[in-house]
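Using numbering that gives the first Met the number 0, the letters of the sequence shown map in sequence onto residues 0 to 479.
Hint data in this document are derived by calculation from the structure and do not stem from the laboratory. Keep in mind that a hint or two might mislead.
Straight-line distance between alpha carbons at most 25 Å, and here's what the computed DMTMM-like set of lysine to aspartate or glutamate pairs gives [said to hold, decoys possible]: (1) Lys246 <-> Glu32; (2) Lys31 <-> Glu336; (3) Lys454 <-> Glu209.
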Amino acid sequence: MGLRIGQTVPADWWIPGQSEDNVIPGTCEITKEGGIVAKLHRNPLRSAGQASLLAAPLEDIPLLHGSIFGTPVTLVDCRMGPATTKFTPQADIELRPWLALEGLLLGDEELVVSEAQVRLRHQRIWASWSPFSYEFEESSLQPKRLAYHAPAGRVTAIPGGTLSIEDDSVFWPRPQQGDAEIKSQCKFVVSLDSPLPLRDFLPQYILPLETLISLATTSIARIESLHVTDKSWIASATESGRSNLLKVWFGRSPSQDDFRDITSQDLLFLLSDYRWEEVGGNLFSILPNWRYIIDQWITLINRNYRWPIPRFLTAVTIVEAVDRMLYLDNVSDRAKEYDQIASNVDAALASVAGLNSKRRARIRKLIANSYEPSLEDRLKRLSVRVACGLVPLNLPDNWAKRVAALRNQISHGLPAVHDLARDHRGAQVGEAILLHLLESLFLAELGFTTEELEKAMMRRAQLGWRASTISRNIDSLPES
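Work out the full structure: start from the sequences and follow the hints.
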């Protein structure tokens with residue numbers, strides 16, 4: 000494309016199917032954050048002779064073609080940004096596409112993907128990927144040479160294809176400086192048996208990988224590099240002398256939430272912590288049910304969300320959602336029993352004066368729904384599923400009751416919450432326990448065995464801080 004981060008260059012734009020004389024001059028910018036912005040000097044929905052203000056209003060554009068220094072570009076799902084129009088054909092219009100494909104001009108029917116290669120921030124640390132190593136002379140601290148040993152790919156089955164982890168390391172000699180730039184890195188490669196529309200492919204296959212690394216590293220794992228291809232593009236790519244593996248630029252700027260350095264000890268889990276080839280694909284089957292839970296979880300990962308009481312309530316909401324997902328209360332034997340009791344009470348009250356059908360229906364509903372477990376009940380049964388993960392916290396026997404009592408105080412605005420507003424330790428203890436429980440449950444759903452789960456939770460540097468916070472401040476939780 001000839002673009003660099005933070006650079007703006009001239010470009011020509013046109014809507015597929017329009018005549019060649021309707022090419023619109025403009026520019027293309029890659030922002031400092033890595034997002035792509037197209038700027039047009041004429042309304043693309045008008046001909047070259049039409050005044051912009053005298054025609055139909057501006058609209059979003061599903062597909063836009065462009066040429067940047069001779070490189071073809073396809074912009075997908077462009078949204079209109081700031082625009083200035085005049086009584087002449089000239090205008091200044093900003094378009095922010097969902098994404099841009101660099102290398103080919105594709106029609107809407109060609110926007111399908113059968114393979115993608117994506118590299119995410121901190122993925123290398125998660126995978127413990129180190130293909131480069133120094134070889135030393137005997138009895139010497141001076142390195143003799145730099146050796147490269149390509150790690151073997153790691154492949155797992157996923158719905159509709161395979162997912163592999165492959166080497167993406169680079170070695171760039173710099174003759175003028177007399178050295179070289181070396182980067183150890185790896186990438187995910189998604190290969191599908193049948194192509195999938197691009198608009199479906201990214202949320203179904205790329206988003207789960209972003210989610211996996213974000214939760215593993217407890218930081219927002221932005222996309223560092225994404226390339227996509229399909230077999231149907233090969234002919235067009237060969238004819239133009241270009242690769243059919245197209246680089247993807249996104250219109251939105253990637254998250255800048257957290258650029259702290261991390262080590263393997265900071266991660267919730269590593270690739271080596273579990274049997275990737277056997278259970279790596281579980282992520283794609285559990286994610287649809289965990290979507291809401293993970294969206295809430297990400298808010299706790301965001302370090303700008305600092306308020307202890309809202310963080311605790313968010314953690315409660317997440318854990319309750321997990322419990323309701325794992326245990327369908329409305330189909331339990333207990334639910335059927337209470338529904339029968341409600342029916343019997345309703346029949347008995349039919350002859351009571353002053354209780355019309357509307358009032359009896361309210362009573363029946365209260366009885367029928369009273370089977371629902373309390374927060375304490377939910378915490379207890381969830382903790383049983385992952386007891387090995389909670390052992391290192393050394394929690395008292397009544398921890399679930401006390402966490403539930405804290406939630407009730409906050410939710411109902413009881414007098415004790417005014418003290419909590421000044422002393423946050425109770426909320427911090429509650430959040431630490433619930434986050435540990437949530438993380439343990441997630442690893443179990445990914446397919447971790449009891450031994451793998453216990454080992455992963457014990458390895459983390461975060462464990463020491465959590466255990467210390469809980470042991471020192473457990474008395475900040477209400478007794479009942």
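Now for the hints, and whether the structure bears them out:
1. Lys246 <-> Glu32: holds (17 Å)
2. Lys31 <-> Glu336: The given pair, whose Cα atoms are some 61 Å apart, is violated under the 25 Å limit.
3. Lys454 <-> Glu209: Distance ~24 Å between lysine 454 and glutamate 209 Cα, so the pair holds.
When the structure is compared with the earlier hints, a violation turns up for hint 2 alone.
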